[in-house]
Each structure stands twice: as structure tokens, then as C-alpha cells.
Amino acid sequence: MIAAIAVAVAQVIVVGAGAPLLVGVLRTLKARLVGRRGPSPWQPYADLRKLLAKEVVVSTTTSWIFRATPYVLAATMLVASLIVPVFLARPPLAFPGDVILLMYLFLLGTFFLALAGLDAGSAFGGMGSSREVAVAALAEPTIIVAVFALAMRAETIDLARVVERFSREPLLAANPAHLLAFAAFFIVMLAETGRLPVDNPATHLELTMIHEAMVLEYSGRYLALVEWASAMKLCLFMTLLANLFFPWGAGGLTGPAAIPLGVLVLAGKLVLLVIALAVLETTVAKLRLFRVPELLAGSFALAILSVMAVVLV
Amino acid sequence: MARLAYGLAALVAVGAAALGLHGMFGGAFTLQIGWLVPLGGLQLTLDPLAGFFLLVIAVGVAPASVYAIGSAGGARRGLGAYLVFVVSMCLVPLAANMMTFAIAWELMSLASYLLVLHERESRESLRAGWVYAVMTHAGLACLLAGMMLLGAWTGSSEFADWRAAAPGLGGGARSVAFVLLALGFAGKAGVIPLHVWLPLAHPAAPSHVSALMSGVMIKLGVYGLLRASFDWLGAGPPWWGVAVLIVGAVSSVIGVLYALVEHDLKKLLAFHSIENIGIILIGIGAGLLYQGAGLEALALLGVVAALYHTLNHAAFKALLFLGAGAVVHATGTRNIEEMGGLIKRMPWTAACFLVGSAAISALPPLNGFVSEWLTFLALLQNTHLARPSLSLAFALGIAGLALTGGLAMACFVKAFGITFLALPRSEAAARAHEAPPAMRIAMVLLAVTCAALGLGPTWVVPALATVAGALLGDTPPVAFGDWLTLRVSEGFATGSALAIAAALGVALVALPLGLRVAGASRRRRAYETWGCGRIGQTARMEYTATAFANPFKRVFDFLYRPTKKLDIDFHPESRFFVERIEYENPTRSIFDDWLYRPVLDGLSGVARAARAIQSGSANLYLAYILAVLLIMLVLA
Amino acid sequence: MLRQLWTALRTGIVTEPPARVSDLERVGERLAAEITRAFGRSLHIRQVDAGSPNCCEIEIGGLTGPHYDLERFGLHFVASPRHADCLLVTGPVTRNMAEPLRRTWEATPDPKLVIAVGDCGRDGGLFRGSYAVAGGVADVIPVDAVIPGCPPSPAALLAGLLDAIRRRR
Chain Z
1 MIAAIAVAVA QVIVVGAGAP LLVGVLRTLK ARLVGRRGPS PWQPYADLRK LLAKEVVVST
61 TTSWIFRATP YVLAATMLVA SLIVPVFLAR PPLAFPGDVI LLMYLFLLGT FFLALAGLDA
121 GSAFGGMGSS REVAVAALAE PTIIVAVFAL AMRAETIDLA RVVERFSREP LLAANPAHLL
181 AFAAFFIVML AETGRLPVDN PATHLELTMI HEAMVLEYSG RYLALVEWAS AMKLCLFMTL
241 LANLFFPWGA GGLTGPAAIP LGVLVLAGKL VLLVIALAVL ETTVAKLRLF RVPELLAGSF
301 ALAILSVMAV VLV
Chain B
314 MARLAYGLAA LVAVGAAALG LHGMFGGAFT LQIGWLVPLG GLQLTLDPLA GFFLLVIAVG
374 VAPASVYAIG SAGGARRGLG AYLVFVVSMC LVPLAANMMT FAIAWELMSL ASYLLVLHER
434 ESRESLRAGW VYAVMTHAGL ACLLAGMMLL GAWTGSSEFA DWRAAAPGLG GGARSVAFVL
494 LALGFAGKAG VIPLHVWLPL AHPAAPSHVS ALMSGVMIKL GVYGLLRASF DWLGAGPPWW
554 GVAVLIVGAV SSVIGVLYAL VEHDLKKLLA FHSIENIGII LIGIGAGLLY QGAGLEALAL
614 LGVVAALYHT LNHAAFKALL FLGAGAVVHA TGTRNIEEMG GLIKRMPWTA ACFLVGSAAI
674 SALPPLNGFV SEWLTFLALL QNTHLARPSL SLAFALGIAG LALTGGLAMA CFVKAFGITF
734 LALPRSEAAA RAHEAPPAMR IAMVLLAVTC AALGLGPTWV VPALATVAGA LLGDTPPVAF
794 GDWLTLRVSE GFATGSALAI AAALGVALVA LPLGLRVAGA SRRRRAYETW GCGRIGQTAR
854 MEYTATAFAN PFKRVFDFLY RPTKKLDIDF HPESRFFVER IEYENPTRSI FDDWLYRPVL
914 DGLSGVARAA RAIQSGSANL YLAYILAVLL IMLVLA
Chain A
950 MLRQLWTALR TGIVTEPPAR VSDLERVGER LAAEITRAFG RSLHIRQVDA GSPNCCEIEI
1010 GGLTGPHYDL ERFGLHFVAS PRHADCLLVT GPVTRNMAEP LRRTWEATPD PKLVIAVGDC
1070 GRDGGLFRGS YAVAGGVADV IPVDAVIPGC PPSPAALLAG LLDAIRRRR
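Protein chains in written order, with this note's numbering: chain Z, 1 to 313; chain B, 314 to 949; chain A, 950 to 1118.
Honestly, the hints are just simulated from the structure, not real lab data.
A couple of the hints might just be wrong.
[What the hints assert, rightly or not] With a straight-line Cα cutoff of 30 Å, these simulated BS3-like cross-link-like pairs (lysine-lysine) come out: (1) B:Lys877 to B:Lys580; (2) B:Lys657 to B:Lys580; (3) Z:Lys30 to A:Lys1061; (4) Z:Lys286 to B:Lys877; (5) B:Lys866 to B:Lys580; (6) B:Lys866 to Z:Lys286; (7) Z:Lys269 to Z:Lys30; (8) B:Lys878 to B:Lys580; (9) B:Lys866 to B:Lys877.
Predicted model, so just to flag it, every value in this text is computed and none were measured.
Chain Z on its own, in the form it takes in the complex (with noise of 0.2 Å):
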């Protein structure tokens, strides 16, 4: 019970600690990767506690959601963290959850801050809200696709007990549903997480916004919540990508000793992902936005053939 407890604890402190350390990572490799030295990986830290030393400033049209959104998101992202396996070997007790309920509390994370988008009454706000919430259900289906087909081979949807039955049972994931599924969720991980070529996250045109567009208002220690909230959306899925898809490398360790190297080969995981993500950012372009759902139906068409394949092969 206590260690469930200590484990559950841990994974959170994990995922909102480290998250503002993986944005840094990306940021700093995206910037070798053009010629530039590039921000320190620790910069996001430093903007965040910065920011708690800013003052508020709040717009006359906003109501109380504007302001009570940066606490639900971050909220909802902690909670997230709690279901989402962040370390492969876990006690049985752990808090139980799948993929249904941590997209669920994706999309009211999403719901609040779209409405904060609205609440200004600006037309960047508005914009911004339409496309989010667009680009949103347009990849709910595919995320719930691609699970369910690691899940009908695992036999649970339970995901801290799909990771275990993978890295337990490794000829399971020798089936092409696992890349299929894998390509799938990562393009809907790019469109969720607004990373190019969906959205660009540091342009400055508020027409091809579609995340940065909601946040324009916020100001202070509302916008370090909403940040700070960004990046471990980021880390969640990319931690889910992670030890959904690669469950091995833990071996299965138990006892104290388990959190630490659970952390490292996860770290060892995400450094790669975080790779491949920054080659794909810096030599992608920006789609149009009305070409996003394209993308998306792409990715939704992969998820679809990954579970005939479960189904087929």
C-alpha cells in the first residue's frame, strides 16, 4: 500500500519535474541542428521561475474561467500522470486508469482552455479555440484505435497492464500492428502536443497558430501553469510512445531500487524519441492548416490497418 502510494507520488513528481527538462532538450537540439548554439536544456526552468515573479494581468472581458484554466490544466496533466506508466515495474496496486480516461482528461484540459481562448473576446482567442478543439476530435479516433489494437493482444486496456504483459510476453509485440500502431499515435502525438508540422510552436503569425493563439493572453504565474502544463502533455505522450510501444529494458525489478533505473531507461527512451522529433520539426515544414485533417485521417487509416493486422495476422 505504501509503496503504491510512493510509487504513484513518484511518477508524478517525475513527469512535472522532468517535463520542462524535455522541452529544453528539444529546444536545444532543434537549434544545433540549424548552426545555433541554441538556450541551455535548464532555460525552460529559469522562464518558469521567472515568471512566477511576474505580475497578472488580467483582461476586463474575462471571467472566472480565464482564470480558474491554468489550475484545471494543470491539474488534469498531474492526474494524467498518475495513470500513464512511467516506471515498467510497478506493484500490482497502482492507480488504475487507461487510455479512454487519460484522453478523456486530455480533452477537458482542452475544453477549459479553449473556453479561456473565447472568454478574452479577442479574434486570436476565438481562432485559436476553433482549431484546437478541431484538430482535437479529429484525433481522438485514432488514439483510441491505435490502443485498441495493443489491446486486444494484451487483453486488457488497463495500460499500466498492457506495459507489463508486453514486457513480459515479448514475441506479443511481433505482429506489424505494433509499427502500424506506433506511426499511427505518433503523428496524433505531433497534432495533440502542437508540434510541426501540425503547429509551430514558437512563430510569433497569429494565423498559423493554433495552441499558441488560446495562451496570447495569459501573463505571469498563469502563463508558467499553462507551460508548464504544455510540457508535460508533451512528456505524457512521449512517455506513453515510450513504454507503450518499447516496453523492455526494466526487467521486470522490484524494490526500491526499481524507480531509479525505471527513470534511466526511461530518460534512455525519451532522448531518443526527443531525437527523432527534432530532425522531423527542423526539416519539416508547416502543413496548411485545412491539410491537417488530412494528416489526420492518414494517421487514422494506419490505426485502422494496424488492427486488421492484429485481426488478420
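Model the placement of chains B and A on the given structure of chain Z, informed by the hints.
Showing chains B and A alone in chain Z's frame:
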């Protein structure tokens, strides 16, 4: 006087709830009054399924009646119809023979027709009433046909006899009965493509009646479908389940797609009812398929998911309609493009509408999430059916359900955001006032119900399992976990609504505390919205609902087939200066164009051709009479 | 895609160390030590064009490129003044831009810095005294530092920015 009547209706609802709970947990009774109704007499039977639907009715009627005390006030119009409506709705689940059912059903339809015609003067209302009357009677015709066939084949008009005799009927006979009954009940439930009346009738009725029609009456279509398929006819061939599943999935996706481009607040909610009925049908279809394959536990799961969603939808749809009614009452318009900023003028209504929006978008930890989760789980275990073709169909069904969930959230961001947030877009919205206390009490009651249903699935699911078990007949009891966690299908999935809610609560409290501990600045300054330094901000600069729905219009343009109308008035002296621009981007309904128009044109054509028989000549009519007399004498 | 990747990897990092020289004019001394302590290694900049003929903007644009790379010092350009700690104002403030500049300044949360760029920003530069110009930036909003030049080179800009922050430590 009106207040008394609505109070009486609320009391009837409470009584129905008590009766319903009694029935759900095993209490049964029958009532028979032979002379009241021809062809078999009045027969009422209470069993678990009937009890459950009485509870659903009560959940809708009680708050709606309380609301009506506040909104309809002293108005006498529609009182009698309302009471008849409520009582007939309560009689439908209890009916135990054909005539009782038909009379209760028809009373319900007539009463609601009168209530839809509430504003007798408006053209829109008249058309809504007309379409509603035609569709509901077409459905009744199918129902009567199906029931009379069953009665003829089994030799009795009592449902208990049908239940006993159904295994003896041939497969073809049962399928014919199923199709007729399903068509009739689906028409009442508002399933695509029989849904045309819903978006017309629900907005035309006053809000408390819309809440009942959307939240309760269409559920009786679901009740009928459950009765007909599981109870009277028993397990059928797989194509029944596949048909229901596919129709449900299509209905849910198309329903929400039409809701996305709708800017009349009540029409938007009506389309969402179509969507949610689709979700309920997905659960029922899965249940039918599993029962046909002998997988009792999974069939139970499917039916439990459907029943839970029925109850949840009654709660949050009634809440949303009552909230919409309060908004319409305060601003005098149903068009969300003329609203805005209402959250500051109607805080209670806004908060309740927010709870309803979050519930219908299936966001944890509210009730919509739990029933959609259970529906997903029912669909996700289709590998046990061991038929690859069905697995692909199920995968598409799962994708449809997931798409619906996302699109519903998008639509309610639009509905809540444009209606309540930012600046008011019209004078009427700026002058809006909060709803009177009775309306507020009703909405808060429903909001609390939504939260309770969302946090307490560990108690609701076992209760529903007994109802579903009684419906499916002779199923072994299935354990669903303990008070904290739901365990579904021996650990296929586990979930704890209480734990998630507690975790969210702890996080929401810990974050501000953590910020304070971290020494975050507490200063806050109010200023205007950032608009690139432009001078002043008006409501014209806000995002509109049409613009919000634009990405969806583009992506799904094969369904919407939008047309564009652009009218520009130039300054008389130069084409480079524009005085006025009018832009319209309406969508067309493919059902109107491809289904109803051709059918109606065909019927008109046949009627026109048949007019030739009525020539007006008395001699010809006498000749007809002679001819028919001769033919009958020959045949006899 | 692969060809671009190969080119990027082959070219390597071309960032140059910042220039040591800077000549700076100070306008006003309104910063307290807490501002520098609060900024630490993170300064987010919002560039505001108050009527500039864009020569300074082009030089500022060079700062984000690989040679001058201001991100390595924790400086970063942002899209909204709500996100900014520092307003980098270019150009003589034209009459039409005076009010928007003031609103932008009000929209920026405290603590904040204002840096006027170029001779135009200092006092109107080439356009000083024109009927369309309200004056230098200091005539509209309080200015903390000026980076003179017409236009200042990216090296001078970078040195000026760093100096404006470092001097406050």
C-alpha cells in the same frame, strides 16, 4: 392555479421515482381493469425495466415541473396537456398489453403535439407541429402493424404471452416483427434518418417541455426497442445487432456534425439528443450481438452501458434545455450569435450550463464519461466474438464513438463559449437578468444529479446490472468491484471515478498552495484584452459561432454541402470602399434533399394520379359501387 | 529532407561570441535591483515597431539567426506583450502609433524594461521634427536604455541588450 398543477406534476414524478426504485429492486405488481380499455382491458405490470424507465421519467419531470413554476408562471395554456403528457409517459413502461400501450403512446404523442404548438401564431411552430404529427403517426402505424402481427401469430394481445410464444415463431416472422417495431420505436427515438421532426419540434416547444421531450420521451423509444428486441422476441440473428450498432454509430456522428453548424441554441441541443440516442443504440447493438453469440456477461455490459447512458442523458439534457430556456427567457432570442457575456449577468445559469456541457462532452469526473467509458469497454471486447469481419465493424464503431466524443466537446465549447463568454453581441444580451429562483433550483438539482451519477458508478452499475439481468433473462451474476473501484469483465478494465475526482480535487487545491510556497507574485492588474494595440474593443471583434464552426464545415463539406451567399454594397463613388457586406454560409441537409423530398414528391405524384378516380360524376360513382358489389358477390 | 539534414549537420554551429564593445546611453534610472534578480537568465522580448522604416527590424531579425543567436543567453522573442519582460521599441513614434505603443506598454506585466533602438528611437533620428512624428520613445513611455545607431548592427544590439540586463545586477 398553474403553480399547483406543476407542483402536482412534480409530485407525480416523485411517486413514479419511488415506484420505479421499488420495481428495479424486485418489487413487482400488476393492475388490471378490464372494462376501461377495449380489446383486453387496462393492464399494467411493474418489472425492473419498467421501474428503471419510471425513474428516468422522474429524473426529467420533477426538475422540469419545478422550472415551469418559475418560467410559465400563471399561464394556463398548456397545463392540461402537460399533465396528460406526464401521466401518459408514466403509463407507457407499465403497459402490459397492446391496447394499453397504444393508447398511452398515442396520448403521449397528442399531448406533446399540443405542447409543441404552444406558439400557435408562428409559421415555424405550425410546420414543426405538422412534421412531428406526421412522423409520430407514421411510427405509430409501424408499431401497430408489428404488434398486430405478433398478436395474430401468438393469438393474444398480452406481452407476457408474446414473451412465452416468441421462441416458437419462425425466424422470418420474428425478423419482420423486429423490423416493424424497430422502425416505429426508432422514429420516436429520433434515429437517423427518421429524425427530421426532432430539430423542428424540440425548439418550438417551451423549454420545460423540450427538456421532457428530449430527455424523457425519446427514451421511451429506447424502452420500446429494448422491450421488443430482448424481451418479446428474444435473441435474434446477428444482423439485428449489427443493424442497430451501425445505425447507432451513424446516428451519433451525423447528429453531432449537424449540431456543430447549428446556431439556434435549442436546435443544437436537439441534434445532440440524436447523437446521444445513437450512443445508447451502440450499447444496445453490442448487447444484442453478444447475447446472440452466448456471451452473457458482455451482453450484460452492453445493456448496462446503454441504460446508464439513458439515465445520464435524461439528467444532462434536461439540465441543458432548462439552462437554454433560462437564456432564451432572459435575452428573448434563441440565436447564439446575438448572445455573449451572459456569465457575468447570469452566473448561476452559466455554472449549471457549464456542468451540463462538461457532462455531455463526457469529461471526467461527471456522468457522461462513465457511461461512454462503459460503452467503449463493451465495444472493445469484441474479439471474443471470434469473427474477423465483425472486428473491423466494431473498430469503425469505436472510431465513430471516439469521434463523437471529440466533436461533442467542440460543439459545447462553441455553445457555452459564444453564449456566455466575452462581450454581449446585442442589446438584449447586455440587458439579460438572472433566472428566477424556481428555475435556478431546478437547474442546480439536475447539476447535482449529474455530479452524483458521475461520482457514484460503483452503486449505480450494480443496480443497473440487476435490471439488465432481468431483461436478458437468466444471466449469472457479474461482480463489478467494490465501493471505490469498478472492475469490468474480470479486470479487462478498472476505473475509479471517486479516486479521479479526489486526485483532481487535491491537485486543484495543491497548485495555488504550491505557488504560494514557491513565492509566486500575487499581484494582479486589470487591463483590456490584447488586440495588437488597437484602440477600443467591441463585440464585433469577437469570434462568431459561424467562424468557430468553419473548420468543421470545411472538413465535412461532403455532408454539409455548404453554399455561400455574398452581398457587397459598394460606396457609390468608388469600388474600393465598401459600405456593407452580408455573408451567409448555410448548410443543406442531405436527408431533406435525398430522402424526404423524393419520398414526398413520389407520394404527391401517386396522389395526383389517383385523383383521376374522383371525376365528380355521380354516374361513375354508382358504376364503382356496382362493380365492387359484383366482385364481392363472386368472391363470397 | 535528408539532404537538408545532411547540410545542417555538415555546416555545424556558426554562432560567434558576442562583441565586447558597447556605447550606451542611459535614459532614466527606474530599475530596482529586484528586477534583475527576478529576470535571472530569462528575458522575453516583445519587439514593437512604432513607425520604423524597418532597417532596425532587419538588424534585430539577424539576432535570431545562427551567427548572433540571442537564445543562448536566455533571451527570446515572444508573440504577445503579456508574455514579455522587455519591450524593444524601434522607430520614431509616429502620431498614429503613440496610443498603440502606450497600450502595448500597459499590457506588459511588471516588472518590465523598455529599450529604445536606434537614433529614431532615441529622439526621432532622421525624422525628428516631422509633422507625423510624436518624438522619441521616451516621449511616449518611460525608457530604461537606448541602443543608438542608424541602424545598430546586430552585434551592437546584442551587446546593448546584455549590457542593459547586466548593468542591473
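Taking 30 Å as the top limit, are the C-alpha atoms of lysine 657 of chain B and lysine 580 of chain B close enough?
Holds, because 24 Å separates the two Cα atoms, which is no more than 30 Å.
Taken at face value, is the distance from the CA of lysine 877 of chain B to the CA of lysine 866 of chain B at most 30 Å?
holds, 12 Å
Is the Cα-Cα distance between lysine 878 of chain B and lysine 580 of chain B 30 Å or less?
Holds - the C-alpha atoms of lysine 580 of chain B and lysine 878 of chain B are around 23 Å apart, at most 30 Å.
Could you grab the alpha-carbon distance between lysine 30 of chain Z and lysine 1061 of chain A and see if it respects the 30 Å cut-off?
holds, 29 Å
Can the restraint linking lysine 286 of chain Z and lysine 877 of chain B be considered satisfied, given a maximum Cα separation of 30 Å?
The hint holds at about 29 Å.
Holds or violated: lysine 866 of chain B and lysine 286 of chain Z, Cα atoms, limit 30 Å.
holds, 22 Å
Tell me if the straight-line CA distance from lysine 269 of chain Z to lysine 30 of chain Z falls inside 30 Å.
Status holds; Cα separation ~18 Å.
For the pair supplied as a hint, lysine 866 of chain B and lysine 580 of chain B, is the alpha-carbon distance within the 30 Å limit?
At roughly 17 Å apart (the allowed maximum being 30 Å), lysine 580 of chain B and lysine 866 of chain B satisfy the hint.
Hint consistency between lysine 877 of chain B and lysine 580 of chain B [alpha-carbon to alpha-carbon, up to 30 Å]:
Since the Cα atoms of lysine 877 of chain B and lysine 580 of chain B sit roughly 22 Å apart, the hinted pair holds (cutoff 30 Å).
Figure legend: structure checked against the earlier numbered hints; every hint is met.
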